[in-house]
Amino acid sequence: DVKVTQSSRYLVKRTGEKVFLECVQDMDHENMFWYRQDPGLGLRLIYFSYDVKMKEKGDIPEGYSVSREKKERFSLILESASTNQTSMYLCAINFSGNTEAFFGQGTRLTVV
Amino acid sequence: DQQVKQNSPSLSVQEGRISILNCDYTNSMFDYFLWYKKYPAEGPTFLISISSIKDKNEDGRFTVFLNKSAKHLSLHIVPSQPGDSAVYFCAANAIPEVLPLVFGKGTRLSVIA
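Chains as they are written, first to last, in the working numbering: chain G, 1 to 112; chain H, 1 to 113.
Simulated from the structure, these hints should not be mistaken for laboratory data.
Heads up, some of the hints might be wrong.
Stated by the list, open to error - No more than 27 Å apart at the CA atoms, straight line, and that leaves these computed lysine-lysine pairs for DSS-like: (1) G/K57 with H/K5; (2) G/K13 with G/K55; (3) G/K57 with H/K37; (4) G/K18 with G/K70; (5) G/K3 with H/K37; (6) G/K3 with G/K57.
Unchecked claim - Label-pair distances were calculated between CB atoms; the ranges are: (7) G/G40 with H/T26: 18 to 24 Å; (8) H/N7 with G/N84: 22 to 28 Å; (9) H/I18 with G/T86: 23 to 29 Å; (10) G/N84 with H/K68: 23 to 29 Å; (11) H/I18 with G/Y50: 26 to 32 Å; (12) H/A41 with G/M27: 38 to 44 Å; (13) G/M54 with H/A113: 29 to 35 Å; (14) H/G60 with G/M54: 37 to 43 Å; (15) H/D1 with G/T86: 39 to 45 Å; (16) H/N27 with G/P39: 22 to 28 Å.
As the list claims (entries may be wrong) - Examples of chain H residues toward chain G, derived with CB under 10 Å: (17) V4; (18) L34; (19) G43; (20) A91; (21) N93.
Remember, predicted model here, so these are calculated numbers, not experimental data.
Cβ coordinates follow ideal geometry from the N, Cα and C atoms, glycine included.
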């Protein structure tokens, strides 16, 4: 079974704080993704990475950055959290030869 | 510009009847399509997929139909069960392993007992 673990299920942060969302996979998969889900907007891609130290912007990268220092870990960073970043954040992975993506359980972030 | 569209935000169906969820896409390069199911406070889980070389794929109660000329796919659930109540996302990919999945906005299915 593919296991994708996000560090927190629920998080409450203050406006202006620097926020780290961690995603860890237990397989040797190259491809990792960060999405956010908002009602009526579906899943929107923030950033993705196809290898260590590699990153690509998705559709809505503004206000976010990422870090991938090790293959198994992909971190999403909110440099200065704002209330419009209140959302469900979802990490996903897929692996070579398979288009299907596997998701973590999600982190519900509330910025107050 | 939305490349994958799910035009029905919600759908209500009686238990035992058929649920039909629709999805349209605009990018003719898409060649692989997936459906995901999502419960509240959980991550999406993969349900079923179809390659563009096929027009139908079946897995138990779930069948996905693809009409390439119309750039349309649909997910049929027969018979619908209360546990099927969730948000369903359609997703597509142009070149597997190279580009991330592109998702629609989702359709909330409610199956009424």
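Here's how the hints hold up against the structure:
| no. | hint | verdict |
| --- | --- | --- |
| 1 | G/K57 with H/K5 | 22 Å, holds |
| 2 | G/K13 with G/K55 | 25 Å, holds |
| 3 | G/K57 with H/K37 | 25 Å, holds |
| 4 | G/K18 with G/K70 | 21 Å, holds |
| 5 | G/K3 with H/K37 | 17 Å, holds |
| 6 | G/K3 with G/K57 | 24 Å, holds |
| 7 | G/G40 with H/T26: 18 to 24 Å | 19 Å, holds |
| 8 | H/N7 with G/N84: 22 to 28 Å | 26 Å, holds |
| 9 | H/I18 with G/T86: 23 to 29 Å | 37 Å, violated |
| 10 | G/N84 with H/K68: 23 to 29 Å | 38 Å, violated |
| 11 | H/I18 with G/Y50: 26 to 32 Å | 40 Å, violated |
| 12 | H/A41 with G/M27: 38 to 44 Å | 24 Å, violated |
| 13 | G/M54 with H/A113: 29 to 35 Å | 49 Å, violated |
| 14 | H/G60 with G/M54: 37 to 43 Å | 38 Å, holds |
| 15 | H/D1 with G/T86: 39 to 45 Å | 26 Å, violated |
| 16 | H/N27 with G/P39: 22 to 28 Å | 25 Å, holds |
| 17 | V4 | 8 Å, holds |
| 18 | L34 | 6 Å, holds |
| 19 | G43 | 3 Å, holds |
| 20 | A91 | 8 Å, holds |
| 21 | N93 | 5 Å, holds |
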